[in-house]
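Q: My request is simple: use the sequences and hints to build the entire structure.
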Amino acid sequence: MKKRVVSVLLASCLLTGLLAGCSGGNEGNSEDSGQTSDTAGKKELNVWYYWDNDQGEILQEYVDKFNEQSEIVSIKASYVPYAEYTQKVLTAAAGGSGPDVLIYGNNETSVLAESGVLGTMTDLVEEGGLKERILPEVMKSHEYNGEYYGLPIYGNCLALFYNKDMVSEPPKTWDDLLATAEEVTTSDTYALAFAAAESEEGTFQFLPWLWSAGADLDSLDSEEGIAALSLYKELVDEGYASKEVVGWLQQDAMLQFCNGRAAMMVNGPWQMPSIQENAPDLDYGVSILPARKEGEAASILGGESFGVAVNADKEAAKEFFDWIYGEENYSDFVKELGQLPAEEEMLMDSYYQDDPLKKAFADNLMVAKPRAYGPDYNEMSKAIQTAITASLSGMKSPEEAMKEAADVAGPLLEKQQ
Amino acid sequence: MKKYGSYKSIKKSMNEYTFILPAFLFLVIFILYPVLYNFTLSVKDANLSNFVSGNAPFTGLENYTKVISDPYFKQAAVNMLIFMVFCLSLQFLIGMLLALFFNMQFAGAKWMRALVLVGWMNPVIISGSTFKWLLSGDNGVVNYLLMKIGLIHSPIAFLTQPGIALFSVTAANIWVGVPFNMILLLAGMQSLPLEIYEAASIDGAGKIKSFFTITLPLLKPTISILLMMGIINSFKVFDLIYIMTKGGPARSSQILPYYSYELSFQSYKFGEGAVVSVLIFIFVMVFASFYLHMTQKEGD
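As they're listed, the protein sequences go chains A and B.
All residue numbers for the first sequence refer to the numbering used here, where the first residue is 1 and numbers rise by one.
All residue numbers for the second sequence refer to the numbering used here, where the first residue is 1 and numbers rise by one.
In case anyone wonders, no lab produced these hints; they're calculated from the structure.
In this text the structure is predicted, and so the values were computed from the model without any measurement.
One or more of the hints may lead you astray.
Stated by the list, open to error - Where chain B lies over chain A, by a calculated footprint (3+ residues, C-beta under 8 Å):
(1) 89 to 103
(2) 115 to 127
(3) 196 to 203
(4) 389 to 395
As the list claims (entries may be wrong) - Under the rule of at most 30 Å between Cα atoms (straight-line distance), these lysine-lysine pairs were calculated in the DSS-like manner:
(5) A:K243 - B:K66
(6) A:K335 - A:K164
(7) B:K8 - B:K110
(8) A:K233 - B:K44
(9) A:K243 - B:K74
(10) B:K74 - A:K403
(11) A:K415 - B:K74
(12) B:K66 - B:K236
(13) A:K335 - A:K43
(14) A:K415 - B:K66
(15) A:K403 - A:K415
(16) A:K293 - A:K318
(17) A:K131 - A:K359
(18) A:K415 - B:K44
(19) A:K131 - A:K369
(20) B:K66 - A:K403
(21) B:K66 - A:K396
(22) A:K369 - A:K233
(23) A:K293 - A:K403
(24) A:K396 - B:K74
(25) A:K243 - A:K369
(26) A:K76 - A:K314
(27) B:K8 - B:K297
In this text, a Cβ means the ideal position worked out from N, Cα and C, and glycines have one as well.
A: Quick look at the structure:
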């Protein structure tokens, strides 16, 4: 009899891993940041971030500086790996042990706001004159239901990288792109590398083409929407881009570009240190993404922001924001991170304007649009990813694929109205 | 059976129960609770807006009907079946052949056996990435070799072609599982008494005959636990697919655990994600009790 009890228990033991995904872990990977300053009597502010390596160190450096000078607030910064970041944030918040301030990708604003993780920051944003400083489209990516839920640390966007040894003049329009592609494609070099994998990165890279065509998520199956997917398909079918793009993330596109296996790629400024590392001799330029019609270029906004948790001590958070967004810190902070400030005035600084690569991204950033489609965006994004991979791998025509995506995205958008 | 659970009998064996108490508590907290929580989640409309507050409304079986009528669920279930059948049969077959091979005494056998195990000990992230590179359509070694031999003229898109991608991840998972099958079968074989084989050979049984009439029947307990664990393990495969294909192209290489992850953590439909977990749980539970029933019989 006892044997039976034990074996039942053992059997259920075998089943465990299956359901682990839905049980929430509450602990927030809190490494001690090694701060030595006296924290007694100060309000503690927990900050979560997912920045690796250099960026993480820079953040810690600034946090230490802040802690030294602040008399009322002491910040403890904790690293949580990116792959599980949103899940961790959600489950920790549900368990009541989340961070006070979190760094998050601005496209997650509506998800984190809708879920009740982030509290509104409208007063913080409007009070300090921050709203006026920041690019309006960037500010829009922090808006949900008429309130602001975040403050941008920096903005970034996609642009066209081109290998100067292969491409003399970067294409400005889709027609240019196809013409250039035909010229530069050889048996071991593709013209263009981009990410079209079944991941948010796939949608992220597709939306600028969709917008430039004149479509949006509410008109995926319009002529314009189908044209954008058809362009993708033409690039792949003609052999200008690899069939493997449906498995590529932006990292993969970057590696192809570095190895000289792609003459151009669609990617963001965050890849520049990796390019420097992988291919220090590569002579490349950066240009705006080709537009369907000249002058109608579009780019997509990414970037990271600070958000404040619903129950956090806002006064303490404000103390930190006043300091980090202050004149003596913010500009250096963003420069050290190797990113672009989301402020027009700062972008006009010669630091960004005199360097052709930085200038290209600064130009793109000013026309970049956010993915502000509400909390159901992930589901719409999934439908778009499926449409892209289904059409590029030949399962469906661009028309059919976009029709199916529209059938998912349409009702979700309507529901939000 | 009659006295089981009665106060008297519990008191009588109180001492013994105290010994299993820590393990029992562990199981309740870390296994029973999540399982029950998952069940309750599956009958609630748990989504983003009520996940943090935790007061998701009860919706009965609505999540179940939604999931079951989703065409991608059917696809994931069919894929799951294909994946499981191929993994189970080929892992077992190749594992058995390798076990028979390593059961022979020859120079370097131990060495090679250890090498085979490396595949199993590798973290999946390494095996998965390696397979991704090997099978890449543009510069994968497999395509390169096939083209060199002249079997194919243009590269096969192993990971990005619908209909092929699922078999590519299946192949990778078979590779991952073979060493485990081999080592259990080999251990089983080595514990079999040599006298029986001697007696059989005196009676004139050849190698093949003694394999089918001695080795296989005597290995039955090992084999049944292997198959059981094979089924359970194939329901745990997520990382490999995430690394190799992300379930694509167009969700064609999604299996149930991946589909459940998608629902819960991509679309934030936690209730529907839980439904898939519950269905998996029931399916595995049926097999588990079947297995327990079988081993019970043998024990008696």
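Q: Of the hints given before, which are not true for this structure?
A: Failing hints, ascending: 5, 7, 8, 16.
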